[in-house]
Amino acid sequence: MNPRKLLRIARWEVTKNAGGVDRRTIVVGALALLAVGIATPYAATSGVAVDSGIYRVGITNESAYYDVVREDPTFAVRDPQADLGEEIELRIDRLAIDAAPTPKAAAAQTELRSSVRAYNNRQMRQESNQSAAFPVRVSLGYTERTQVREVISTGDGQDQTADDEGTGDGTDGGDGDGSGGGDEGGTGTDDGSGTDGNGNDGTAGGGGGENIDDVAGGTGGVGGIAGQLAGGNTSGTPADISPPFPFQSLVLAFLFVLPLNFIIQAYGSTMVSERLNRRGELLLVAPVSRFDIIGGKTLPYLTGAIGIAAVIAAALELPAVDPVSVGISVLAVTPIALLFLGATFLGAMFARSFKELTFVTVTVTVSLTTYAFVPAIFTDVGAVALISPLTIVVRNLQGQAIGLGEFAFSLVPPLLTAGVFFGLGAGIYREEDMFTQRSIPLKALDALAARVHGKWSVAAVTAILLPFVFVTELVGVAALFAIPDALSIPTMLVVVVVVEEFAKSLHVYAGYAHDRFEAGLWPAVVVGAFSGIGFFLGEKIMLLAQLVGLPSEVVEGLIATGTATGVPSIPIAIGFLLAPLALHVVTAAISAVGASRNRRAYLAAVVVAMAIHFAYNYTVVSIGGF
Amino acid sequence: MVSDPRVAIARRDLASLSREKTIVLALLIQLFVAAFSSFLVVGLTSLYDPGASAQGEVDIGVTGEANESLLRAIEDTEGAEAVQYRSNATAFEGFQNGAVDAVMIATRQPDSRISVQATAPEGSIRTTLVVVQLREVLQTLERQQRDIRAAFLDDPPVPLPGEVSASPYFGFTYTILLPLLLFLPPFISGSVAVDAITEEIERGTLDLLRVAPVDLVDIVDGKAAAMAVLAPVQALMWIVLLSFNGITVSNVPLLLVTVGAMAAIVVVVGVTLGLVMGERKSAQLLYSIGVLALFASAVFLPEHPATTVAKLAVDSATTTTYVLVVVYVAVAVGLYGLARRYTRGLDVESL
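Protein sequences, first through last, are from chains A and B.
With the first letter of the first sequence counted as 1, position 491 gets the number 491 in UniProt numbering; the numbers rise by one all the way through.
With the first letter of the second sequence counted as 1, position 104 gets the number 104 in UniProt numbering; the numbers rise by one all the way through.
Note that these hints are calculated values from the structure, not bench results.
Each hint should be verified, as a subset may be incorrect.
Pairwise CB distance ranges, derived in the manner of DEER restraints [said to hold, decoys possible]:
(1) A:Gln130 <-> B:Glu75: 49 to 55 Å
(2) A:Met1 <-> B:Val24: 33 to 39 Å
(3) A:Glu87 <-> B:Arg19: 24 to 30 Å
(4) A:Leu603 <-> B:Leu301: 51 to 57 Å
(5) B:Val326 <-> A:Trp12: 33 to 39 Å
(6) B:Ser18 <-> A:Leu603: 33 to 39 Å
(7) B:Val323 <-> A:Phe254: 46 to 52 Å
(8) A:Gly454 <-> B:Val211: 51 to 57 Å
(9) A:Asp515 <-> B:Val252: 53 to 59 Å
(10) A:Thr303 <-> B:Arg19: 49 to 55 Å
If you only want the chain B side, here are some residues facing chain A, beta carbon under 10 Å, derived [said to hold, decoys possible]:
(11) Asp4
(12) Ala8
(13) Asp13
(14) Ile29
(15) Ala118
(16) Leu160
(17) Leu275
(18) Val291
(19) Leu294
(20) Leu338
(21) Arg340
(22) Arg341
(23) Thr343
(24) Asp347
(25) Val348
To give an idea of the chain A side of the interface with chain B (calculated C-beta under 10 Å), a few residues [what the hints assert, rightly or not]:
(26) Ala10
(27) Trp12
(28) Thr15
(29) Arg56
(30) Ala76
(31) Pro80
(32) Gln81
(33) Asp83
(34) Asn121
(35) Val136
(36) Ser325
(37) Ser353
(38) Thr358
(39) Phe359
Backbone N, C-alpha and C fix where the C-beta goes; we use that ideal spot for every residue, glycine too.
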C-alpha cells in the first residue's frame, strides 16, 4: 500500500467522483436534517406518545378517577353509557370499575393502576404537609454479594454506629401506627447495635423535604444512573427508585450509530457505481494496487464517520469537553464504523443490482445496529456486554473508567472482523468478478480462493477467519442469553460446531474449486491438517490475549464457546492441550478430503466433521460440569 | 387486447426482484427485526416483571424498628416474601449467603416519616427484578402510610384500583411492534424505487426502454406501482402472521389503505428523487434523510402515523384517526399527480 497513491485516490473520491455529492444534495439534506432537529425537541417536550388514546374509558365527571383518566393521554374519555366491550374497555362509576372481558381491558386496568399512582404522587406534591404526603423516604444502595461470611462484618462498614435519630420518634406520627412501631423499635434497638448501619448515611441527606421536585424531575434519572454506578445510592420517595437500566446513556449511544447508516448509503453507492459500465476499469489498470484503490475510496467515509463521532462526543459533554473522554468514545466507535463500512463494501462487491445493494444495506444496518446496541443494554449486568464496543461508549458516558483489557476485548474482534470483510471484498475487486454477473456462491468462493495459495496460506486464512468465528459465536451466546440453561448449552454447542467447521473448511473447498491444490487423498489430508493447526494456533493466541485482564465471567463464556481447553477437571495438562489440536486436525482433514472430490462430498464430509466435533465438545462440557 | 405498458413494466421489475431472490432477504430482515424486538421485550420484561419468569419471588430481609409497617406492605405485595431478622448484622448475613435477595431497614425519623434503607445485589441479572419488587413494596408502604395520615392531608389520595393479570406485551404489540412491521415495508419499497429509477439511468438502459413504444411517464408509473403494491401485500402478511399468534388486528382494510398510502407517498418521493438526482448516491442519501425527516415531522400532526396505525389495529379509532387516513390517501394522490406532471415535463435526453 502506497500512502501517496492512497491519498490521491481519496482526494478524487471527495472531489470528482462520478457519484460525488453535489451542493444541491447537501443543501436539501441539511434542510431535511433541520426538520428532524426541529421536530425532535418538540416531540420531547410535548411528550408525543405512540400509545395515546388506545384505551377508551367511559367515566362520569363525579368519579374520583376522572382527573386521572383525563390527564393520562393513553386513555380516551368516553360516555359512560357506551357499550362495554364494543365502544369502551372500562366503565367507571364513582369508584366502581367495570371491565370488559378482553385482554385489552385487562391491559387498560393495569395502565389505570400505574396512572393512579403517578396522579397521586403529582397531587401529593401540592400538599402543605409534605411529611404526611410523602411518609416514606428511601435510600437504595447496591452491595456486591461475595458469598463469604467474613466479608460481611468487615466490609461496607456496617458496624459503624450511625445516628440513631429515628429510634424515639415513633410516637410522633400521632396515629395508630405509632404504637406498633414503638414496639418494633424496641426490639430493633435491643438486637442491633447500629440500626442505621450499611455504611451509607444517605437517608438524612436525601430526606430534605424541599427538593422532592428536583429528585422526581428529569435529573433524577441521570443522577440515579451515575450514582448507582459510582457505587453510591439513590434516595427519594419510593417512586424515584429506578432499576439500574442505562436508558439515557443507551439513547445517547444510539446517536453514534445513527449517522453510520447514512454514511454506508453513500459508501455503498460509490462502490457499486465503480462496477457499472466498467467505470472502475480505469483505476484497475492504473499503476496502483487494489488495496490503494479500496483504501483510498474508503478513507473519506471513515474520516467522515470518525469526525461525526467526535462532534457528537464533544457535543454530549458540551459544558466541559474532556478530550480524553471524547477520544475514548471515538476510539470505541471506530471499529463499529469500520465494521459497517467493511460489511457494506463486501455487500457492494456481491450485489448484482442497486436493488440488491439496498437490501444488503438494510441488512447490514439492522444486524450491525443490533450487534452494537443490544449487548450494551446489559452494560450494568455483566461483562458479556463488552462484546459490543458501544458498551465502552455507554460506560464512558457514565463516567466509568475502562481498563485496557476491556478495551482490547471489546475493540479487537470487530476490528479483525472488519479486516476480514475488506480482505474478502478485495479478493473479488478484479475485472472477472466486478464487471460480470457471476453467481453469488461462485463469487464467495472467488473471494476466499484469492487468499489461498498453498498449505501455509490455508493455515493463515483459518487463523484470520477466527475473529469472524469468534464474533459469530459470541453473538450467538448473547442471543441465547434468555434461554433456559438446559436448552441453551446444546444449542450453543451446535452453533459453535457449525460455525467452526465451516470456518475451517470453506476456503479449502474454495481452493480446490480453483485448482489451487494437488488432487489426491494425501495432499487433501495435509491441507486439512494445516487448516486445523491454523485454527488451533489462532484460538490459543486469542485465548491468551483475552485472558489478560478480563473478568472471569467472560473467560468462562469463552471457554464454553471454544473447545473447552481450559476445563481444569481433565487431569493431564498435555492432554487438554493436544486433544483440541487433534480434534481440529482430524475434523478439518475430513472436510478437506470431502472438498477435494466435489460439492456433495464436501457437504457430507462437513456434516461428519461437525458430528465428531459436537460429540467431543459435548463430552468435554459434561465432564467440565457446565 | 393490448396490455398496458405500465403493467408490463411493473411485472418486469417485480420479476427481477424475485429472480434475485432479494425480496426473500427483505422479508428475512423484517422477520429478524420483528423477532428481535419481540425477543428483546420478552427478555427485558422477564428481567423486571416477576410474573414473567419462573424465579419471580423476591425474598426481602426486613429489620429495623419500623419493620411492622414494612412487613404489612410486603404481605400486600404480590411476588414479595418477607423474612424477618432481629438485627442488621444477621440480615446482611442472610443477604450475603443468598437467603434473601434484598435487605430493607426501616427506621423512624424525627419528622414522623419512615426511612427505609434498601440494599439490592450489585451487578446481578436479578438486580432489575429485585429493585422493581422493592419499589412495588415501597409504594404499597407509602400508600398505607398515606392512608394512616389521611387526616393531615388536604385531599386524600385517589384509591388504587386492584391488580389484574394482564399481558405485559399488550401495549408493546400494538403501539411498537405493529407500526414497525407496517412501516418497514413502505420504507424499503421507497428505497428500492429509488434504485429502480437510478439504475436504469446510470446503466444507460433507460434509452433502451425509450426505444420501446412507451412513454417515460408509463415507465415511471410502472416502476412506482410495482414497489407501492409490494408494501400492503407484506403488511397483510404480517397481520395474518400476528393473528396466527393470537393477536387480533382490527380494521385490516383500513390499515392496508393506510400502508398503501404511506407506500405511495414514499415511493413517489423516491422516484422523484431518482429522476431529479439521476444517480443513486445522492438520491438514496436524500431519500433516507428525507423519510426520517418526514417521520419525525409527523409529530406535528394531531396524531402520529404510528398512533393512527395502533389505534386502528386495537380498535380505538376516533374521528381524527379516520380523517387522517383520508388525508394520507389525499396526500398520496396529490403527490402522485405532481410527480406525474414533473415527469411529463422532463426532457429524457437530459437524464
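These are the hints, each one checked on the structure:
no., hint, in the structure
1, A:Gln130 <-> B:Glu75: 49 to 55 Å, "27 Å, violated"
2, A:Met1 <-> B:Val24: 33 to 39 Å, "38 Å, holds"
3, A:Glu87 <-> B:Arg19: 24 to 30 Å, "50 Å, violated"
4, A:Leu603 <-> B:Leu301: 51 to 57 Å, "54 Å, holds"
5, B:Val326 <-> A:Trp12: 33 to 39 Å, "51 Å, violated"
6, B:Ser18 <-> A:Leu603: 33 to 39 Å, "26 Å, violated"
7, B:Val323 <-> A:Phe254: 46 to 52 Å, "34 Å, violated"
8, A:Gly454 <-> B:Val211: 51 to 57 Å, "52 Å, holds"
9, A:Asp515 <-> B:Val252: 53 to 59 Å, "57 Å, holds"
10, A:Thr303 <-> B:Arg19: 49 to 55 Å, "38 Å, violated"
11, Asp4, "23 Å, violated"
12, Ala8, "18 Å, violated"
13, Asp13, "9 Å, holds"
14, Ile29, "5 Å, holds"
15, Ala118, "5 Å, holds"
16, Leu160, "5 Å, holds"
17, Leu275, "14 Å, violated"
18, Val291, "9 Å, holds"
19, Leu294, "8 Å, holds"
20, Leu338, "17 Å, violated"
21, Arg340, "21 Å, violated"
22, Arg341, "20 Å, violated"
23, Thr343, "19 Å, violated"
24, Asp347, "18 Å, violated"
25, Val348, "19 Å, violated"
26, Ala10, "16 Å, violated"
27, Trp12, "15 Å, violated"
28, Thr15, "14 Å, violated"
29, Arg56, "5 Å, holds"
30, Ala76, "7 Å, holds"
31, Pro80, "16 Å, violated"
32, Gln81, "18 Å, violated"
33, Asp83, "12 Å, violated"
34, Asn121, "9 Å, holds"
35, Val136, "5 Å, holds"
36, Ser325, "23 Å, violated"
37, Ser353, "6 Å, holds"
38, Thr358, "5 Å, holds"
39, Phe359, "5 Å, holds"
Violated hints for the displayed structure, listed by number in ascending order: 1, 3, 5, 6, 7, 10, 11, 12, 17, 20, 21, 22, 23, 24, 25, 26, 27, 28, 31, 32, 33, 36.
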